[in-house]
Amino acid sequence: MTEDDRLAAILADHAGREGALLPILHDVQAAYGCVPADCYQPIADALRLSRAEVAGVVSFYHDFRDAPAGKHVIKLCRAEACQSMGGAEMIARLERALGMKVGETKGDVTLEAVYCLGLCACAPAAMVGDQLVGRATPERIEALVAEVSA
Amino acid sequence: MKVWVPCDAAAVACGADEVAAALASAAGLRGEEVEIVRNGTRGMIWLEPLVEIERDGVRHGFGPMTPEDVPALFEDGDHPKALGPVEEIPFFAKQTRLTFARCGRTDPLSLADYEADEGWQGLKRALELGGAQTIEEVTTSGLRGRGGAGFPTGIKWKTVAGADAPQKYIVCNADEGDSGSFADRMLMEGDPFCLIEGMAIAGLAVGATKGFIYIRSEYPHAIRTLNAAIKAARAAGIIGDSLMGQGPAFDLEVRVGAGAYICGEETSLLNSLEGKRGMVRAKPPLPALEGAFGRPTVVNNVLSLAAVPWILVHGGAAYAEFGLGRSRGTIPIQIAGNVKHGGLFETGFGMSLGTLVNEIGGGTASGRPFKAVQVGGPLGAYHGPDDFDLPVCYEAFADQGGLVGHAGFVVHDDSADMLALARYAMEFCAIESCGKCTPCRIGAVRGIETLDRVAAGDPAAIELLHELCEVMEKGSLCAMGGFTPYPVRSAIRLFPQEFSLSQEAAE
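The listed protein sequences correspond, in order, to chains H and W.
Numbering (the numbering used here) for the first sequence: 1 to 150.
Numbering (the numbering used here) for the second sequence: 1 to 507.
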């Protein structure tokens, strides 16, 4: 299937759906790893919106990326409950261990901040790919990355 | 042998899947017949993964379990992680579980479990009563929005029911973004049919045939569970073209957010649902009259909707017997952060803050002295020991310049840096502001700068910060900018020395 066919198939999936833009953008990101700017106009045409409206929505939400993330996305919670259990120090130690900062992609790994995973009673919390980590330590997160990389 | 191992995200984050796998393989090795049920969580998160084994009809708990602790479960003698009958553990026994009655006891996706445990009885009662009487029961119960604003649910429903429109909607706000809050997630993962039943009752009551559950993308487990539960309820003929084969149509759809905290605000959520930027809308018009896609819409939190089936089964008056003052019924309190016994504790409104932190929560996890507890999420105030007599109810906290919000309580020990936490509150507002109104969009950025000046010892900065907080509180369009001053001001009020020490040093 060509790139254009993939997008057309996604748009067809959502034809006639009320308020379809977010579900479409989620599907596009799942297919391409990001929401490429080339997709804005075809999506706008399908939903009878302006290109600017689509661009505005993509840029508003933290989830949508304009470039694909690394193969391994590590989300680290920065919210208060995790802070109360040493979350900030944990993030700093992991940053030192991986030699990168939150918000960066280095090789296969993307480090991201997240504001609450609902794991506040087993803080600090993180997410490695789709795997949740409670009572997180830098060692456990590194071990998980090594495990999924292997 | 029948064994329960929770599938709740918090239990899984602490290794529940590994424990379940170890159980299955240990049983296989011994040739023992073991039925493993993946239940929701009992809410005692410090004990997760909490394994339960039935003996003589009583479920005994073991936790927190690791795969290494599993083989001993098959041996005679005392298990080092044995906790005794799980419902006799004081944290559990002291609760009044109405909304969370089934959570942790049943298989979340088993229709048989649900039906055997009062499931669909509330919907059946609503079908008998009809819309107007159903709303009457909800009004009698005194139920107010459990999302935090505390608006009377019965009045909201009545407004939508009275509106004349070709299409109405029920929207469930499942965008639980507050740090310290996880009750919505726990319910959706542990008892999803309860939410579906509550929404079906709401639809019947106001004449809405379509419901949306707007869930934050940070909750992939809850999204999967709810989608599976909706599919099962539809296949069983409970929702869909007709409610239980005798009522009007009502169907549900899950919509996934995209990582914007502001979409927990009801008007932002509606914009997001419509495929727009999640910008706050000015009210009026009320969403009850012009909500999703411009139609009359009930927007309720997960916990408000999940309280409804119990109210219909047992009667609004029975629900109203719990509580304090104008805060009726039960409130699922979430105790989190640096606390020994973190988890979900459902109780009637009115328990004191001190009891909650010291007795229920068991004090700090670190064993260091307690310093402060933030109540109501990132926009809630900090409270110190002087507030320990405060009863948990909407009015008492509002009178003290705070809020109960969604009832998340985040405990901090004496190592907490209050200036850093106040700065974080402003930073969070700057990251998450929708940008519609100036006090929030620009005020939060100036707030960070001003707190940095305080930290650097600028004597004029504190006064400026107070003025800025005043502008944000009075001038913002919604709670994001309006309540961000709460944690900032309360931190200054409780710990003035942390905001002036560096100033004195500079002088």
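Treat the hints as calculated values from the structure; they're not laboratory data.
Every residue, glycine too, gets a C-beta built ideally from N, C-alpha and C.
Fair warning: there could be bad hints in the mix.
Dumping the calculated SDA-like pairs for lysine to any residue here, alpha-carbon to alpha-carbon at most 25 Å [to be verified]:
1) W:340 x H:56
2) W:276 x H:53
3) W:276 x H:38
4) W:231 x H:17
5) W:276 x W:149
6) W:283 x H:88
7) W:210 x H:41
8) W:231 x H:11
9) W:276 x H:11
10) W:2 x W:68
11) W:283 x H:53
Calculated from the model, a selection of chain H residues having no Cβ within reach of chain W, i.e. all distances over 10 Å [what the hints assert, rightly or not]:
12) 34
13) 40
14) 41
15) 63
16) 68
17) 92
18) 93
19) 104
20) 105
21) 109
22) 118
23) 133
24) 146
Status of each hint after checking the structure:
no.	hint	result
1	W:340 x H:56	44 Å, violated
2	W:276 x H:53	8 Å, holds
3	W:276 x H:38	19 Å, holds
4	W:231 x H:17	18 Å, holds
5	W:276 x W:149	24 Å, holds
6	W:283 x H:88	38 Å, violated
7	W:210 x H:41	31 Å, violated
8	W:231 x H:11	23 Å, holds
9	W:276 x H:11	17 Å, holds
10	W:2 x W:68	20 Å, holds
11	W:283 x H:53	23 Å, holds
12	34	13 Å, holds
13	40	14 Å, holds
14	41	16 Å, holds
15	63	4 Å, violated
16	68	17 Å, holds
17	92	13 Å, holds
18	93	16 Å, holds
19	104	17 Å, holds
20	105	17 Å, holds
21	109	19 Å, holds
22	118	4 Å, violated
23	133	6 Å, violated
24	146	17 Å, holds
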